[in-house]
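Dock chain B against chain A, hints included.
Number of protein chains: 2
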Amino acid sequence: MIGPEIERLIQLLAKLPGLGPRSARRAALHLMKRRDGLMVPLSDAMATAAEAIRTCSVCGNLDTRDPCTVCADATRDRSILCVVEDAGDLWALERTRAYRGLYHVLGGTLSALNGVRPEDLSIGPLAERARDPAVREVILALPATVDGQTTAHVVTDRLAGADVTVSRLAHGVPVGGELDYLDDGTLTAALKARRPY
Amino acid sequence: MIGPEIERLIQLLAKLPGLGPRSARRAALHLMKRRDGLMVPLSDAMATAAEAIRTCSVCGNLDTRDPCTVCADATRDRSILCVVEDAGDLWALERTRAYRGLYHVLGGTLSALNGVRPEDLSIGPLAERARDPAVREVILALPATVDGQTTAHVVTDRLAGADVTVSRLAHGVPVGGELDYLDDGTLTAALKARRPY
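Here the protein sequences come in this chain order: A and B.
According to full-length UniProt numbering, the first sequence is numbered sequentially starting from 1.
According to full-length UniProt numbering, the second sequence is numbered sequentially starting from 1.
Hints were generated in silico from the structure; no laboratory data involved.
Do not rely on the hints blindly, as some may be mistaken.
Note that the list lumps identical chains together, so a pair holds whenever it fits in one copy or between two copies.
[Unchecked claim] Calculated lysine to aspartate or glutamate pairs in the EDC-like style (CA-CA distance at most 16 Å, straight line): (1) Lys-33 <-> Asp-86; (2) Lys-33 <-> Glu-5; (3) Lys-15 <-> Glu-119; (4) Lys-192 <-> Glu-5; (5) Lys-15 <-> Asp-36; (6) Lys-33 <-> Glu-85; (7) Lys-33 <-> Asp-89.
Bear in mind the structure is a predicted one, so any value in this text is a computation, not a measurement.
Next up, chain A with everything else stripped away, as it sits in the complex:
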C-alpha cells in the first residue's frame, strides 16, 4: 500500500548506520511530512557533497578539496604523521584541537575475517611519506582491537627503514570514567602505565 518511490526511499535509508528497517520507515515519514523543509534540502546537500567530495591524494582524508584542508594548511607541523583507520577517526582527533601535525588515513584495518590484506590499505604510501627527512615521528592512532593492533604491528614493520620514532596512543582510564565499569585489560594497562602524581 506504499508507492514504489517511498519503498525505495525506505530501503536506501535503512542502509545508513544506526537505522534499521523500522527506524528507516520513521525517518522516511518524517521526511515526507517535511518535504520542503528537510527532504529537498537534504537531497540537495547529498548531491552537492557527492559532487564535491574527493579523497586527498596526500593523506587519504575525505574533503571537498585535494590536497585536503589539513594537508594544505601551512601552519600544521609537518614533522609528525598521525596514522588513523578512516576519516571519521581523523575528524575525532581534529575535534580535540590537541594535535597540530598531519595525518595518514589507512582506509581500514587488516582483517583475515573480512579479507583485508596489507596491500588493500594505504601502507606503502605511508612508508613513502615517512622516508621524507622532514618527518620525525609517526603516531599510530589505530583502534585498540585485535585487528587494529595487528595493523599497528604490520605498519611498524614497514616503517623499519625510515628514520622516524613510532609511537602509539596511551591506554588508560577514560576521562570521566568510573573504574567499576572498566574492563580488566584497560584497568591493567592503566595500572602498569601509572604516572607520578
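Below, chain B alone, put in the same frame as chain A:
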C-alpha cells in the same frame, strides 16, 4: 577542518529521528565512503519522492497519488473509517493486513503543551465523511496516551450527529508479551476486558 558542504550534510542528517549529532556524523562518513553506491541514489530517491508525494485529499494519507492507493482501491470496505494520528500509523495497520476499510488521518493529536487545537487537526473533514450514509462505523486507532485519549474524546463529541458506531482499539497484553514487564494500567485493562477461553 570539515568543508561547509559536509557540515551542512551532517546538520541536515541530524534532523532525522533516531540520529543525533554523533550518529549523523557517522552516517555522513558512511555516505561519503559510498558516494556512487548510496549517496547519489539516496539523494535521487529523496528528490523523486519529494516531487511525487502528495497528501490524499480524501483521507490525508501521504502517497504518490491522490486519492491515495487505499482510497482509490475499489475492493476496500467503504462502510468503516479508521481514524489514525498520522500516515505512519496507517502504514502500521496496513502491514497487519487485518483491516480492509478506509482511513482518516488526523494529522496529530490535541496537545495543550504543543499548542495543537482541534481546528489544527482534520476533525471537521472527518465529521463530514462520517455523515455519508454509507459509513456505519468509525474506529478510533489513536495512541493510548493522555493526548491521544483527549483527542479520541473530542473526535467522539464531534461525531455525535452522525449515524455511526464509534469504537476504539482494545487494550490488553501485547501478543508475545511477558506479564512481568507490563505496566499496571495495561494489566488492569487486560483483566477487566477478560474474555471466555
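Need the list of violated hint numbers for this structure, in ascending order. 3 and 4
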